[in-house]
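Using the hints, put the two standalone chains together into the complex.
Line by line, the protein sequences are chains A and B.
Just so we're aligned, residue 1 is where the first sequence starts under our numbering, counting upward by one.
Just so we're aligned, residue 1 is where the second sequence starts under our numbering, counting upward by one.
Read the hints as simulated data drawn from the structure, not as lab findings.
Careful, some of the hints might be misleading.
Stated by the list, open to error - Within a straight-line C-alpha distance of at most 25 angstroms, the following computed SDA-like cross-link-like pairs (lysine to any residue) qualify:
| # | chain 1 | residue 1 | chain 2 | residue 2 |
| --- | --- | --- | --- | --- |
| 1 | B | Lys35 | A | Lys90 |
| 2 | A | Lys90 | A | Ala65 |
| 3 | A | Lys326 | A | Asp243 |
| 4 | A | Lys276 | B | Lys35 |
| 5 | B | Lys10 | A | Lys90 |
As the list claims (entries may be wrong) - Among the chain A residues that face chain B by a calculated CB cut under 8 angstroms, a handful are:
| # | residue |
| --- | --- |
| 6 | Thr84 |
| 7 | Leu210 |
| 8 | Ile213 |
| 9 | Leu216 |
| 10 | His233 |
| 11 | Asn347 |
As the list claims (entries may be wrong) - Here are some chain A residues pointing at chain B (derived, C-beta under 8 angstroms):
| # | residue |
| --- | --- |
| 12 | Ile83 |
| 13 | Leu89 |
| 14 | Pro111 |
| 15 | Thr130 |
| 16 | Leu133 |
| 17 | Met165 |
| 18 | Met167 |
| 19 | Phe174 |
| 20 | Ala178 |
| 21 | Ile194 |
| 22 | Lys196 |
| 23 | Ile201 |
| 24 | Lys205 |
| 25 | Tyr209 |
| 26 | Val237 |
We put the beta carbon where it would ideally sit given N, CA and C, even for glycine.
Each chain, letter by letter, is given below.
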Amino acid sequence: MAQDTEQLYRSRLKRYVTAMRNEKPDMIPIRPFVAEFTAKYAGYTCQEVTQDYEKAFAAARKCAADFDWDAVVGNMVYVWSGITQAIGLKYYAVPGVELPIDVGFQYKEPPEDKAFMKPEEYDRFIEDPTEFLFNVWLPRVSTEVSAPGESATFRSNLSFLKGGMAMMKYFGGFGTQAELLRKESGTVSAISGIFKAPFDILADKLRGYLGLITDLFERPDKVLAACEALMPHLTHVALSGADPQKNVPIGFWMHRGCVPFVSRVHFEKFYWPTLKPVIEQVWSHGHQVLFYAEGNWDAHLDSFAELPDASIVYHVDMGDIFEVHKRIGHKFCISGGVPNYLLAKGNSDELRKCCRNIIDGVAKDGGYIMDASAIVQNDAKIENIKAMTDFTREYGVY
Amino acid sequence: MAQKRPKNPKPGVCIPWEQKHKELGKLSGNEELIKRIWEDNEALAYTYIWHCLLSF
Numbered sequence: 001m002a003q004d005t006e007q008l009y010r011s012r013l014k015r016y017v018t019a020m021r022n023e024k025p026d027m028i029p030i031r032p033f034v035a036e037f038t039a040k041y042a043g044y045t046c047q048e049v050t051q052d053y054e055k056a057f058a059a060a061r062k063c064a065a066d067f068d069w070d071a072v073v074g075n076m077v078y079v080w081s082g083i084t085q086a087i088g089l090k091y092y093a094v095p096g097v098e099l100p101i102d103v104g105f106q107y108k109e110p111p112e113d114k115a116f117m118k119p120e121e122y123d124r125f126i127e128d129p130t131e132f133l134f135n136v137w138l139p140r141v142s143t144e145v146s147a148p149g150e151s152a153t154f155r156s157n158l159s160f161l162k163g164g165m166a167m168m169k170y171f172g173g174f175g176t177q178a179e180l181l182r183k184e185s186g187t188v189s190a191i192s193g194i195f196k197a198p199f200d201i202l203a204d205k206l207r208g209y210l211g212l213i214t215d216l217f218e219r220p221d222k223v224l225a226a227c228e229a230l231m232p233h234l235t236h237v238a239l240s241g242a243d244p245q246k247n248v249p250i251g252f253w254m255h256r257g258c259v260p261f262v263s264r265v266h267f268e269k270f271y272w273p274t275l276k277p278v279i280e281q282v283w284s285h286g287h288q289v290l291f292y293a294e295g296n297w298d299a300h301l302d303s304f305a306e307l308p309d310a311s312i313v314y315h316v317d318m319g320d321i322f323e324v325h326k327r328i329g330h331k332f333c334i335s336g337g338v339p340n341y342l343l344a345k346g347n348s349d350e351l352r353k354c355c356r357n358i359i360d361g362v363a364k365d366g367g368y369i370m371d372a373s374a375i376v377q378n379d380a381k382i383e384n385i386k387a388m389t390d391f392t393r394e395y396g397v398y
Numbered sequence: 001m002a003q004k005r006p007k008n009p010k011p012g013v014c015i016p017w018e019q020k021h022k023e024l025g026k027l028s029g030n031e032e033l034i035k036r037i038w039e040d041n042e043a044l045a046y047t048y049i050w051h052c053l054l055s056f
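Pulled out of the complex, with its shape left as it was, chain B reads as follows (with noise of 0.2 angstroms):
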């Protein structure tokens, strides 16, 4: 179940990965590589947002 964000987040993140690893639970591989993936598609959504205040 989808939890609430935590305040003031950092910059480049919409939903942080300590957030996501609890919804997912425990993890059968590779932590590091599953959290890298989730953090670099979050910095997609996070610059889409800011560019459309920013840029457009």
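Next up, chain A with everything else stripped away, as it sits in the complex (with noise of 0.2 angstroms):
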């Protein structure tokens, strides 16, 4: 039996690994990010597998084993509560706590006037980024840690102490997870890392995003030397996670940095110049991207069709998954596509129609993955996800 979920396991990361770098592998592989879904598969609320992450990891094992995939993020709903209320993180409302039980954690960007950084800041910040994390960033977004000058408390030395002692525990149970998943249902672990584009953290983490539209406008000089200083350590974060195999791409969570939400031009002068290098000194090292490109990117696809060939894996959400696969298809392997809105409303038949669809149209030379547009939450109906998984096996064999 273990030899055969080796053999499993073996079989699928070639066929992974294979549409990744743009080739024919034996059939399309099957990467679903699945997050409250495997809450709802498994018989847990939201809250559990966001404050417990061994009930998320089981959840995720659970759904390994019942389904047949290729691929799974070891814990999707990946923001541990344990950690943020350690720390006593502001901008998260978690289910159980804020919300009911069984909605998916938020984030609350700040309003505009209590951004977590001001604009007369921001040369502090390029100067060093990490002292003004720890200095400024980290006692503003905390309920917990006091500021250089404030007086030292019980509870702002507890925070680092739990929050760090919390953090290598958490960390360090994706590498148990990925080793179980292996063994246990021959499942690979998806994504290895973890990348921001340095605009998108100077807005949903730093300036917010109205603050970034503004400073666009008043402080254009600041917000690039901003970015650029950002680039240096959000690369070295990124490859400190990578796989070191360099089998699975490093997770890149792509936000607000397209039209509409910025315009052309300040894409082309902010946002791309200060991630274009990054991905492709990731790629000099060997390791791929996958830009989860959440939202619709397509204005941009020129952009990215400047990148290496098989540098990235291109995740289509709202965007024309035909498009897309017409524009930069020869180079980059797709995923995604199947809407979740039709996980959560359709039926079984309107998803095998649509999972034909994206096969016949983007998937006959290889270099495509099937997975829902976003991230699966506990809305998708059981039977879709099945309709999806077991169409793709039965339609997608080369």
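Dropping the structure here:
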């Protein structure tokens, strides 16, 4: 049995990696990014998988055991609230605390005048981002942490100790989870490492979206310098978590750097020049990056086409997957395209028809991975996930 | 006495070894060993704050 499972793992890994290199495997790999869906399937509430990561890991493994998937993320309910609570992070609403027990956690962006980085603080941030994060940003985003100059408190000290040890425990758990997925169900752990674009980090966690948009007009040179200051650090963090075997990609979560959140000019002047070199550097180390293009990034396909062949895997959410395939499918593997609304509201026949259209349209020459458009939460119907899986296995053989 | 951080420390570093070495003064043993362990632990603290920003 163990040998069969290992054989299954090896065949799934080969299938997944072959597709990601934009080649044709034996059949279309299936790699759904299932988050709170795993809780629904395994019989847990959102609260349980958000607050107890061992339950989240168990739920992911149960799905991997029951569905014929090639790869799955070890825990896509990634923000463990044990850490956010230990650190005292103000910007999350958590199921069972602020939210009903079956609603996924939410990020709460502060109002513009309470952004976590003030406009006059750009220079300090640019000079030393790590110092700024520890001494200004963390005390500002935490209910527990004292800033330098304030009295040290018992709770501030505790938040560092608990946060650090909790983070170490949680991240160590992913290694164990990957091994269990392999041994129990022959499933590949889909990604390794994390990356976000400098521009998105500036918007998401520092200046806020509205603050950054204002900065683009009032202090554009500071925005560019801040993005450039972030580049080496984000590259370092991405590489430090990357797959040492160089099989699976680094996950790149793309947020609000595209048209219409910003103008095309802003994308070309700020977002892209501070992103492209990072992707190229990561690729020079032998690691692919999964462009998880949440929303619609079709306006920027020509920019993405500048990247080296096979350096990325491009995931389609609300973009036109057929247009994406036409414009960059010759260079990069594509994943996704099955709308989440269909998984939640449609029926199995509609799912099968959708999967057929996608497979016929973009997967004939390989270089395609079946997945939903966006992270699958607990609104997706189990029978629809099954239909997507079973149809792809039946129809997606080369 | 703790000294000011130099500008733009490289990724992976919170308090550079060079700064800590000055504070320790003359070392009685293997400097490379002390430096390596210092920098390994530096990387843990660095990982903590950057994952607070990136992951959580």
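Each hint, compared with the structure:
1. B/Lys35 / A/Lys90: violated (36 angstroms)
2. A/Lys90 / A/Ala65: With Cα atoms ~36 angstroms apart, A/Lys90 and A/Ala65 exceed 25 angstroms; violated.
3. A/Lys326 / A/Asp243: Given pair A/Lys326, A/Asp243 is violated - Cα atoms ~30 angstroms apart, limit 25 angstroms.
4. A/Lys276 / B/Lys35: Violated - the C-alpha atoms of B/Lys35 and A/Lys276 are around 34 angstroms apart, more than 25 angstroms.
5. B/Lys10 / A/Lys90: At roughly 29 angstroms apart (the allowed maximum being 25 angstroms), A/Lys90 and B/Lys10 break the hint.
6. Thr84: holds (6 angstroms)
7. Leu210: Violated: closest Cβ of chain B sits about 19 angstroms from A/Leu210, beyond 8 angstroms.
8. Ile213: violated (20 angstroms)
9. Leu216: Since chain B brings no Cβ nearer than about 21 angstroms to A/Leu216, farther than 8 angstroms, the hint is violated.
10. His233: holds (5 angstroms)
11. Asn347: Since chain B brings no Cβ nearer than about 37 angstroms to A/Asn347, farther than 8 angstroms, the hint is violated.
12. Ile83: holds (6 angstroms)
13. Leu89: Since the shortest Cβ distance to chain B is 6 angstroms, the answer is holds.
14. Pro111: For A/Pro111, the interface hint is violated, since the closest Cβ of chain B sits about 20 angstroms away, which is over 8 angstroms.
15. Thr130: holds (6 angstroms)
16. Leu133: Since the shortest Cβ distance to chain B is 5 angstroms, the answer is holds.
17. Met165: violated (10 angstroms)
18. Met167: Check passed: Cβ of A/Met167 comes within 6 angstroms of chain B, closer than 8 angstroms.
19. Phe174: At 11 angstroms from the nearest chain B Cβ, A/Phe174 fails the 8 angstroms test, so the hint is violated.
20. Ala178: violated (17 angstroms)
21. Ile194: holds (6 angstroms)
22. Lys196: With a closest approach of 6 angstroms, the A/Lys196 hint holds.
23. Ile201: The hint holds - A/Ile201 has a Cβ within 8 angstroms of chain B, the shortest such distance being about 7 angstroms.
24. Lys205: This hint holds: A/Lys205 lies near chain B, its Cβ roughly 6 angstroms from the closest one there, short of 8 angstroms.
25. Tyr209: It is violated, given that the least Cβ distance between A/Tyr209 and chain B is near 16 angstroms, above 8 angstroms.
26. Val237: Since chain B brings a Cβ to about 5 angstroms from A/Val237, closer than 8 angstroms, the hint holds.
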